[in-house]
Amino acid sequence: MDEKLRIKVILGSVRNGRFGERPALWVYDYLSGLEGVEAELLDLKEYPMPLFDSEISPAWANRKYNNEVVQRWSAKIDAADGYIIVSPEYNHGYSSAIKNALDWIGPEWYKKPVGFISYGSAGGARAIEQLRGVAIELKMVPISRSIHIPWDFIMKVMDNKEIKNEELFGPLRKSGGGDLLQIFVDDLLWMTRAMKPARESATK
Numbered sequence: 060m061d062e063k064l065r066i067k068v069i070l071g072s073v074r075n076g077r078f079g080e081r082p083a084l085w086v087y088d089y090l091s092g093l094e095g096v097e098a099e100l101l102d103l104k105e106y107p108m109p110l111f112d113s114e115i116s117p118a119w120a121n122r123k124y125n126n127e128v129v130q131r132w133s134a135k136i137d138a139a140d141g142y143i144i145v146s147p148e149y150n151h152g153y154s155s156a157i158k159n160a161l162d163w164i165g166p167e168w169y170k171k172p173v174g175f176i177s178y179g180s181a182g183g184a185r186a187i188e189q190l191r192g193v194a195i196e197l198k199m200v201p202i203s204r205s206i207h208i209p210w211d212f213i214m215k216v217m218d219n220k221e222i223k224n225e226e227l228f229g230p231l232r233k234s235g236g237g238d239l240l241q242i243f244v245d246d247l248l249w250m251t252r253a254m255k256p257a258r259e260s261a262t263k
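Per the working numbering, the sequence shown starts with residue 60, numbered consecutively.
FYI, nobody ran anything at the bench for these hints, they're computed from the structure. One thing to keep in mind: the hints can contain errors.
To be verified - Cβ-Cβ distance ranges computed for the label pairs, FRET-style:
| id | residue 1 | residue 2 | range |
| --- | --- | --- | --- |
| 1 | K223 | V200 | 18 to 24 Å |
| 2 | G236 | K123 | 15 to 21 Å |
| 3 | I222 | E259 | 38 to 44 Å |
To be verified - With a Cα cut of at most 30 Å, we get these calculated DSS-like pairs of lysine-lysine:
| id | residue 1 | residue 2 |
| --- | --- | --- |
| 4 | K158 | K215 |
| 5 | K104 | K135 |
| 6 | K215 | K170 |
| 7 | K255 | K158 |
| 8 | K170 | K255 |
| 9 | K158 | K135 |
| 10 | K170 | K220 |
| 11 | K158 | K198 |
| 12 | K123 | K223 |
| 13 | K135 | K198 |
| 14 | K63 | K220 |
| 15 | K255 | K198 |
| 16 | K63 | K215 |
From the three backbone atoms N, C-alpha and C, an ideal C-beta is built for every residue, glycine too.
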């Protein structure tokens, strides 16, 4: 398969001064350097969708939405072969911004792999646990691996805003378990390569 794999990195925080830009750009930069991958960073700040209020379920909307921002979001997600969602953990769960973005559309997500990166309390483990269930309900296929960013990484940025991502996330690439970023991305791309032709043949 010569066609590039289209991976969307979704930045799921819209807070001012958010930490999420750091891991989102980190994984986006890594993907951009890989042969055969077309990466794009989708910042939810650039898709200010209203709270989900449609009378029609997205499963039955046939990718047609009255809101122009939702229509733009739909087109971006529909064009993807796989996703990486970067979300903080808030109050034992994931961000409301990413939940709203997930809920607004339906078939655009179907039969595509997704991986999760989270940060905050418990390394974002509880946010990822909940996101997996939502992803499965949306007919995505979550990969088993995820990246959990410890709280002390956030504190490092608060203490030194000039610190480079290579230095900040270096320990995650030199851990006893190997290069966690490479392993995570390799798993996502393997699943994407497997699912893309099967999904496309099913729609012909």
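So, going through the hints one by one against the coordinates:
1. For K223 and V200, the hinted distance range of 18 to 24 Å is not satisfied, since their beta carbons lie about 33 Å from each other.
2. Taken as a hint, the range 15 to 21 Å is violated for the pair G236 and K123, whose Cβ atoms sit roughly 45 Å apart.
3. Range check, I222 to E259: about 42 Å between beta-carbon atoms, so the 38 to 44 Å window is met.
4. Using a Cα cut-off of 30 Å, the hinted pair K158 and K215 holds, with the two alpha carbons roughly 28 Å apart.
5. Under the criterion of a C-alpha separation no larger than 30 Å, the hint pairing K104 with K135 is consistent with the structure, at around 14 Å.
6. For the hint pairing K215 with K170, the CA-to-CA distance comes to about 38 Å; that exceeds 30 Å, so the pair is violated.
7. Distance check on the hinted pair: K255 and K158 sit about 25 Å apart at the alpha-carbon level, within 30 Å; holds.
8. Our distance criterion of 30 Å between C-alpha atoms is met by K170 and K255, whose separation comes to about 9 Å.
9. Pair hint K158 plus K135 holds up; C-alpha atoms about 17 Å apart against a cutoff of 30 Å.
10. For the given pair, K170 sits about 39 Å from K220 by alpha-carbon distance, which is inconsistent with the 30 Å threshold.
11. Simply put, K158 and K198 have alpha-carbon atoms about 15 Å apart, close enough for the 30 Å limit, and the pair holds.
12. For the given pair, K123 sits about 41 Å from K223 by alpha-carbon distance, which is inconsistent with the 30 Å threshold.
13. For the hint linking K135 to K198, the alpha-carbon distance of about 17 Å falls within 30 Å, and the restraint holds.
14. For the hint pairing K63 with K220, the CA-to-CA distance comes to about 35 Å; that exceeds 30 Å, so the pair is violated.
15. Between K255 and K198, the direct Cα distance comes to roughly 14 Å. Compliance with the 30 Å bound is thereby established for this hinted pair.
16. A C-alpha spacing of about 36 Å is found between K63 and K215, which places the hinted pair above 30 Å, so the restraint is violated.
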